[in-house]
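Undergrad: So the chains spell out like this:
Number of protein chains: 2
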Amino acid sequence: MNKGGDASDRAANETEARLSRASVGRLSLYLRRLEILLREGTTKVSSGTLGEALGVTDAQVRKDLAYLGHLGHPGVGYAAPELIDAIRRALGVDREWLAALAGVGNLGRALLRYRGFADRGFRIVALFDADPAKIGQRVEGLEVHSPDAMAELLPALGVELGVLTTPAESAQAVADAMALAGVRGLLTFAPGVLRRPAGVNVVSVDLTVQLEQLAFLVQHGGE
Amino acid sequence: MNKGGDASDRAANETEARLSRASVGRLSLYLRRLEILLREGTTKVSSGTLGEALGVTDAQVRKDLAYLGHLGHPGVGYAAPELIDAIRRALGVDREWLAALAGVGNLGRALLRYRGFADRGFRIVALFDADPAKIGQRVEGLEVHSPDAMAELLPALGVELGVLTTPAESAQAVADAMALAGVRGLLTFAPGVLRRPAGVNVVSVDLTVQLEQLAFLVQHGGE
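Chains L and Z supply the protein sequences, listed in that same order.
Going letter by letter, the first sequence gives residues 0 to 222 in numbering that gives the first Met the number 0.
Going letter by letter, the second sequence gives residues 0 to 222 in numbering that gives the first Met the number 0.
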């Protein structure tokens, strides 16, 4: 996927400065793996075990986790609960994030029902759609508002993140309106390239990229 | 996202062997960028221009593109049409891929309407859902079949790829049934970890990972 924004050059301290987007992505995956292992009763985990599950080397795992501080115990591995807490803190998912969703179509509705978001502390608290037929409707317990209401509603609700599931042609205007209303991060599913509003981080999800990766693997005999 | 499969150890030749998943992902993004530039009338592109758009270094761009053969012209850059063709061939998107989708909920419907798939040669030709109320319905012009019909239908249609938008609890059974029916690659949106059927590549999309990455960027003052 296309990833706008760049944490590395302006991060608050040196530790964060060296965490690449790829490392951040792996932290999320280690976290999922650790939670499964812990549920299964495993409390000590080696870098080898974590790496194997994700197809990366021990060395890469240790490098990624070194950013979190001195957590590993030589010859013993990592304490799963301690590592889980450290990763959650580093990712910023030890707190709740309020989000607004713009574009209440099929994808928007699917995301609203996606329990993974709420499980991770991402709570969608406001819905917007430009379609007059949808404005005023309730979807998953939330009223759909006109985009005109963003400037007032988003600051009032304390929304920090925006999720864009609008058509490509309206994505930029919605992104800009959200930025003006104080949103600091945008997750966009809209096809095409978004110009990043000043002071806002953008993560773009292009589902075709994933399918192309799969096609490459199948075509080249990966297995 | 979690990425099962590993092209690197069994790729058909050395060139492919050295293309990491990250490089493959970047090829997709270069392709999108090049297509936009070409539409805008730009026919010669430098590694710097391509890298800037994606936030990677010139050197990384040249390294990624070197896998495609000798395409760059020193002091001139790359010929956009030539590079587009080479990337499409490398990714395997210079041909059509037939896909089946299992799980006709909101996300499944959103993907069916997602024009990006068809634009890239990914054509969904069969739908499956375990819900008796949905079986026999038509969605986006396609009939919804029972998963029991996979063994017969998928080989008959020549389906090579599967898209899983089922609930987590049925994903594994559907993946296994698709593999038995000859599917060679699976794109899964189901939460949780999928055991990879033998001979099948799996690319998992975990949308929460993207949101966590965004939270990290916002929290750490990226931008």
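Because the hints were derived from the structure by calculation, they are not lab data.
Treat the hints with caution; some may be incorrect.
[Stated by the list, open to error] DSBU-like, lysine-lysine: derived pairs with alpha carbons at most 35 Å apart: (1) L/Lys62 / L/Lys43; (2) L/Lys62 / Z/Lys62; (3) Z/Lys43 / Z/Lys62; (4) Z/Lys133 / L/Lys133.
Undergrad: Against this structure, judge whether each hint is valid.
TA: Each hint, compared with the structure:
no., hint, in the structure
1, L/Lys62 / L/Lys43, "holds, 18 Å"
2, L/Lys62 / Z/Lys62, "holds, 23 Å"
3, Z/Lys43 / Z/Lys62, "holds, 18 Å"
4, Z/Lys133 / L/Lys133, "holds, 25 Å"
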